[in-house]
Amino acid sequence: MADVKTDVSQILADLRKRALGINDSTKPLEGFMVSFLPTGRPVHKDDYGNPWTPDLTLAEPKTDGSETKPADGTPDPALLNQITKRQRNLGNISRLVDHKLQLNAAGQEVPGSSRISETWKVIVDGANAVPLPPINDPNLKKALDKAMKLLMKQDPDEADNPDALIPTSAYEKYQRYRKAYNKSVQAYTAQYLAAAASPITLQMWPVTGKTYLSDVDSAMDEWISLGKKIEIENAIDLLAAQGTDSATKMIAMAKKNYEKYQVSFGALTATVPFVQLFPTNWCDPAKEDDGWTQYEYDSTKSHSKLTSEETSFGGSAGVNLGFFSIGASAEHSESKDHSEFSNDGLHIKFRYAIIDIERPWLNTVLLNMGNWFLNGFPKNAVSNGQINQQKPSENEAFWLPSIPTQLIVLKDLHIKTNHSEGQFDAMRKQTKAGGSFGWGPFTIGGHYGKSESQQTFDFSADGEGLHVEGVQIIGWISQVLPAAPKVNAPNMPVPDKDKKKVEDGVHA
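Mapping to UniProt numbering: the sequence shown position 161 is 161, numbers consecutive.
These are calculated hints, taken from the structure and not from any lab test.
This one's a predicted model, so the numbers in the text were calculated from it and none came from an experiment.
From the three backbone atoms N, C-alpha and C, an ideal C-beta is built for every residue, glycine too.
Don't take each hint at face value.
Unchecked claim - Listed below are the simulated DSS-like cross-link pairs for lysine-lysine, each with C-alpha atoms no more than 30 Å apart in a straight line: (1) Lys301 with Lys260; (2) Lys229 with Lys255; (3) Lys486 with Lys5; (4) Lys183 with Lys210; (5) Lys141 with Lys45; (6) Lys146 with Lys45; (7) Lys249 with Lys260; (8) Lys229 with Lys179; (9) Lys416 with Lys142; (10) Lys45 with Lys142; (11) Lys391 with Lys429; (12) Lys228 with Lys183; (13) Lys379 with Lys5; (14) Lys173 with Lys229; (15) Lys5 with Lys121; (16) Lys391 with Lys416; (17) Lys183 with Lys173; (18) Lys179 with Lys149; (19) Lys229 with Lys249; (20) Lys183 with Lys149; (21) Lys146 with Lys260; (22) Lys153 with Lys141; (23) Lys416 with Lys429; (24) Lys5 with Lys146.
Stated by the list, open to error - Ranges between beta-carbon positions, derived for each pair: (25) Ala170 with Lys141: 47 to 53 Å; (26) Val487 with Glu296: 47 to 53 Å; (27) Asp217 with Asp145: 47 to 53 Å; (28) Lys287 with Gln82: 57 to 63 Å; (29) Asn384 with Asn161: 40 to 46 Å.
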């Protein structure tokens, strides 16, 4: 079993490095963490594909003659069903990425917690700007006004409301180029780790790697020049340091954006926050896209020595070590290890992708500002900025330590051992009975969880062992949010340990 633990830990360590951009010459993305699900979550395109968007586009019309239009001019039932399905799928995506995740390696939901969107609403509704004396320095006031104009502009839909602001094109461009830079770092890491799998390609890396490193440098150059990296970040730092008007406008903008991006579907009087995933065809295994990267692991070949942190990472994620099965009515915690299934000659390959999560209603710039508070709550009620935060016993509705910003998904999974043929027969019998099967962090076969499609996540056998074509979510990349708010509410009671400081004229 020790060898299998090494296999699982090596694969997860490789994927973690690629997701965070850890390689020979670049540092990991600061403020981000990777977590892996104990077992992959299969997703079906019927549940998440082609979701509703506000641009009123429809799916491309069929060209095989199967689509017909009613002769009497009544609405096409097929078209109405398509619209309804797209609306339902948006709701599925919104709920999929709206859970608070535990800040550990397992990537599971925080039990009994509110959703991200619910917490963001109570934060912006409860936020208040700190009253500060007027700015007497004309140069400082001019600099603050310039910084605000660089980040925010008047909403043309509410020209009469001076507090109705939306991000400027410059700030939106900054965010796009920042994302492009992070993508280039991830791509460089993927290529480096792929080269490191072979002594020949690793030997040539100082030559071949320059191309990919050039992409990273170019992305940074474009971020600085076209994305106004320095100017935007200086503006954010200036506003974060001072300026009551800035906090007031940010809070007003956050409230407005939250309401703007709430959408309602169906007959129920309920809404879901609008969310988009990119690339949009992420859940369709038949679609090809440049975002998919090949990964291959062969246990018979030498691999890099794992650090103690990397070895423990797989164990802390709660991932099964080797093959396992789950009965038709069992939960993952009741999975059964199949140690009798040999892992000898293990060879695994798949394609993976990093999927971006866009929430236009959530702008974390407010959390970086130091001149606002939550009425009745102490500082750091939202987050203390640390990576080891635990769910608080009280006021969990305001607690938002991190937000998932990306999904890690894979497809076209191949698992081969020296005994794949016999293992295939046993797994087929298990899944036909309604259960599921898997290896390590990957689901091999079974039924889609929480699926509308009622279809089976199927697998087959070929010359490369067990083959799973479908898409499954295996992990998350989350942004750890900064400590916020940075000041106590003025109506907070003074702790006993600080009373003497106050009495002595020292502010607590």
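_Numbered hints the structure breaks, given as an ascending list_ = Failing hints, ascending: 1, 3, 5, 6, 9, 10, 11, 13, 15, 16, 24, 25, 27, 28 and 29.
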